[in-house]
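Top line first, the protein sequences correspond to chains A and B.
Take the first sequence: its letter number 147 is residue 147 in my numbering, and every next letter is one higher.
Take the second sequence: its letter number 67 is residue 67 in my numbering, and every next letter is one higher.
Bear in mind the hints are in silico, worked out from the structure with no lab data behind them.
It is possible that part of the hints are untrue.
[What the hints assert, rightly or not] BS3-like, lysine-lysine: derived pairs with alpha carbons at most 25 Å apart:
(1) A/Lys104 with B/Lys112
(2) A/Lys104 with A/Lys140
(3) A/Lys46 with B/Lys42
(4) A/Lys56 with B/Lys55
(5) A/Lys120 with B/Lys82
(6) A/Lys47 with B/Lys42
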Amino acid sequence: MNIEVSRQNLYLLILSVILLIFVLFFSFLVLIPQGKQYREKRVQIKKEEGELKVQKNYNNDTTEVLKTLRNENKNIIASFANTFDAKRFKKLHGGYFSELVILKTPDEYKKDNFSVYSVKAVSKINSPKTFYNFLDAINKTEWIISINFPIDFKRDGEVISSTFTMKVYSNAVDSNLSK
Amino acid sequence: MTYSYINPREKTLITSELKLLFIFFFITIIMLLMTYLFLTYKNYSFKQEHINIEKTKQNLTEDLNEMNSDIKFIEKQSAVSKKIFTQNTVLKDSITNMFDLVPERITLSEAKLLKNGLILYGITPNKDVYNFMLQAPLRSIFHNTYSSFYPAQNGWLFFVSKNYIEDDISEDDSNEH
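Using the sequences plus the hints, can you model the full thing?
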């Protein structure tokens with residue numbers, strides 16, 4: 001059987017086959033891997049976006065907690081940030097004593113990440129009640145101060161001479177403690 | 001002289017079939033290329049988005065760590081301050097109780113409040129008053145009570161009362177730590 005194909009049709013057929021092969025190769029070698037990558041990345045991005053949203057929500061919640069905590073403890077935070085000032089202390093609490101001398105002691109150390117330094121107070125009070133009032137006031141003062149043992153009360157004529165140490169808690173180490 | 005009634009068809013290299021074929025493949029290739037470009041662009045965009053998300057996540061984690069550390073620090077500050085406030089209040093109550101303990105007939109000249117004890121110096125009309133009115137309540141509070149007396153000029157007795165909780169009797173009373 002003799003099939004007669006014109007030269008033109010033959011060219012057409014060859015060209016068609018070449019183009020078809022190109023299309024197939026291009027699709028299988030380039031497009032399909034690219035499409036697969038696209039699909040995988042899309043799923044991954046959706047997952048990551050979900051995770052990011054969860055993390056953002058968690059961060060927002062934590063921010064709220066921190067904000068509330070800061071508001072609730074703003075006086076305490078400010079007190080810890082304050083540096084002890086003997087003059088200011090005398091001005092605030094000097095009224096409780098007929099005489100008050102604040103002495104810096106070399107005792108300074110770190111406790112629970114706070115800087116703690118001791119201040120010796122030598123004072124004269126008219127009655128123990130004054131000292132009770134002072135102890136009440138110390139909890140509302142500008143610093144975090146603990147009154148420590150030993151406390152020595154000594155009769156000195158009509159007044160009571162008292163000697164005690166105070167521990168001042170602070171965030172930062174104070175190198176310029178006023179004497 | 002012509003041998004046909006129709007005009008001869010002009011022979012060209014690009015026939016109408018070839019044109020059709022070219023148009024078909026051109027459209028196909030254009031579509032494939034556009035798909036390829038779309039996918040390439042999208043992949044690039046996903047990559048950038050991934051980098052941005054990672055960066056945001058890292059920033060959020062850093063912020064979170066900072067906030068958590070702030071929260072812990074504030075909680076610690078709050079706990080320490082509450083502990084100190086309680087200590088001061090307890091101290092005030094201790095001093096109040098100490099002064100309330102001393103009867104009117106006994107006069108104190110000095111009182112030392114220690115971490116683990118109490119030392120009182122004073123004057124009493126006699127030993128019985130001291131024993132019944134001061135030593136008895138002190139014994140109920142402290143584990144060890146030591147008293148010593150020496151005579152005063154007016155016939156009364158000076159006394160030194162050392163009272164300690166448990167057996168931690170410290171020689172150095174002034175050492176608080």
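Hint by hint, here is what the structure shows:
1. A/Lys104 with B/Lys112: holds, 21 Å
2. A/Lys104 with A/Lys140: Distance of about 22 Å is within 25 Å: holds.
3. A/Lys46 with B/Lys42: With Cα atoms ~14 Å apart, A/Lys46 and B/Lys42 stay inside 25 Å; holds.
4. A/Lys56 with B/Lys55: holds, 13 Å
5. A/Lys120 with B/Lys82: holds, 22 Å
6. A/Lys47 with B/Lys42: holds, 17 Å
When each numbered hint is compared with the structure, no violation occurs for any of them.
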